[in-house]
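Participant: The lines below spell out each chain.
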Amino acid sequence: GQNIDQPTEMTATEGAIVQINCTYQTSGFNGLFWYQQHAGEAPTFLSYNVLDGLEEKGRFSSFLSRSKGYSYLLLKELQMKDSASYLCAVRVSPNSGGYQKVTFGTGTKLQVIP
Amino acid sequence: KAGVTQTPRYLIKTRGQQVTLSCSPISGHRSVSWYQQTPGQGLQFLFEYFSETQRNKGNFPGRFSGRQFSNSRSEMNVSTLELGDSALYLCASSLSPPSGGGYNEQFFGPGTRLTVL
Numbered sequence: 026g027q028n029i030d031q032p033t034e035m036t037a038t039e040g041a042i043v044q045i046n047c048t049y050q051t052s053g054f055n056g057l058f059w060y061q062q063h064a065g066e067a068p069t070f071l072s073y074n075v076l077d078g079l080e081e082k083g084r085f086s087s088f089l090s091r092s093k094g095y096s097y098l099l100l101k102e103l104q105m106k107d108s109a110s111y112l113c114a115v116r117v118s119p120n121s122g123g124y125q126k127v128t129f130g131t132g133t134k135l136q137v138i139p
Numbered sequence: 269k270a271g272v273t274q275t276p277r278y279l280i281k282t283r284g285q286q287v288t289l290s291c292s293p294i295s296g297h298r299s300v301s302w303y304q305q306t307p308g309q310g311l312q313f314l315f316e317y318f319s320e321t322q323r324n325k326g327n328f329p330g331r332f333s334g335r336q337f338s339n340s341r342s343e344m345n346v347s348t349l350e351l352g353d354s355a356l357y358l359c360a361s362s363l364s365p366p367s368g369g370g371y372n373e374q375f376f377g378p379g380t381r382l383t384v385l
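If you read the protein sequences in the order shown, they are chains A and B.
Residue numbering for the first sequence follows the numbering used here, starting at 26 and increasing by one per position.
Residue numbering for the second sequence follows the numbering used here, starting at 269 and increasing by one per position.
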């Protein structure tokens with residue numbers, strides 16, 4: 026199986042930068058996703074990383090290090106509307122063959138304060 | 269383009285009953301995945317369907333079943349409901365199946381909130 030670890034909660038100040046970490050232990054890694062989920066709403070896709078490095082998309086960036094089993098989501102110029110849960114998900118190719126599977130972490134609840 | 273729709277949005281059942289949830293994917297999307305979300309466990313994968321075929325199944329008991337129709341709409345069924353089945357059930361659609369590799373963006377529906385009494 027795979028273990029995905031994220032901090033449960035984080036608090037950051039409006040206008041600041043926050044980094045949300047995600048670590049995973051798995052074999053057959055084949056991609057990592059980040060989703061944002063506001064309270065009471067459905068998750069929405071933020072980013073996809075499969076190669077090492079940083080992917081930037083506006084105020085949001087996602088980084089991946091495959092050798093370290095580590096990713097982070099970087100949110101710049103925080104806004105109050107960024108208060109949400111951030112879900113890390115890992116896609117894995119099973120050793121025994123068969124279709125790949127996407128597994129979600131339990132998410133990090135980010136609170137942005139004035 | 270309409271988003272993913274799920275019906276019903278809210279459901280209250282009692283233990284032992286069964287329930288059927290419905291999901292209509294975004295037009296043109298042939299892949300549908302189902303997830304169970306609870307506060308303690310987060311998003312747990314249930315099934316993945318592509319072109320009417322179940323490609324993947326999560327670690328849930330046989331009481332949980334699903335299917336996909338030729339128009340890509342999907343249903344999931346839970347029989348002999350237990351209190352622990354109370355959760356938000358989310359459906360997600362995508363152009364290609366998440367299990368197929370590559371870039372894959374899943375679009376989630378608003379979910380069905382199931383309460384088992």
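Don't read these hints as lab results, they were simulated from the structure.
Do not take every clue at face value.
[Said to hold, decoys possible] Think about it this way: if two alpha-carbon atoms lie no more than 20 angstroms apart in a straight line, the pair counts; the simulated SDA-like pairs of lysine to any residue are:
| no. | chain 1 | residue 1 | chain 2 | residue 2 |
| --- | --- | --- | --- | --- |
| 1 | B | LYS325 | A | THR51 |
| 2 | B | LYS325 | A | LYS82 |
| 3 | A | LYS134 | B | TYR371 |
| 4 | A | LYS134 | B | GLY284 |
| 5 | A | LYS134 | B | LEU356 |
| 6 | A | LYS82 | A | MET105 |
| 7 | A | LYS82 | B | LEU356 |
| 8 | A | LYS82 | B | GLU373 |
| 9 | A | LYS134 | B | LYS325 |
| 10 | B | LYS325 | A | SER121 |
| 11 | B | LYS325 | A | VAL117 |
| 12 | A | LYS134 | B | PRO378 |
| 13 | B | LYS325 | A | ASN55 |
| 14 | B | LYS325 | A | GLY123 |
Participant: All hints, please: hold or fail.
Facilitator: Right, here's what the structure says about each hint:
no. : hint                : in the structure
1   : B:LYS325 - A:THR51  : 19 angstroms, holds
2   : B:LYS325 - A:LYS82  : 32 angstroms, violated
3   : A:LYS134 - B:TYR371 : 25 angstroms, violated
4   : A:LYS134 - B:GLY284 : 34 angstroms, violated
5   : A:LYS134 - B:LEU356 : 17 angstroms, holds
6   : A:LYS82 - A:MET105  : 19 angstroms, holds
7   : A:LYS82 - B:LEU356  : 30 angstroms, violated
8   : A:LYS82 - B:GLU373  : 15 angstroms, holds
9   : A:LYS134 - B:LYS325 : 28 angstroms, violated
10  : B:LYS325 - A:SER121 : 15 angstroms, holds
11  : B:LYS325 - A:VAL117 : 14 angstroms, holds
12  : A:LYS134 - B:PRO378 : 19 angstroms, holds
13  : B:LYS325 - A:ASN55  : 18 angstroms, holds
14  : B:LYS325 - A:GLY123 : 11 angstroms, holds
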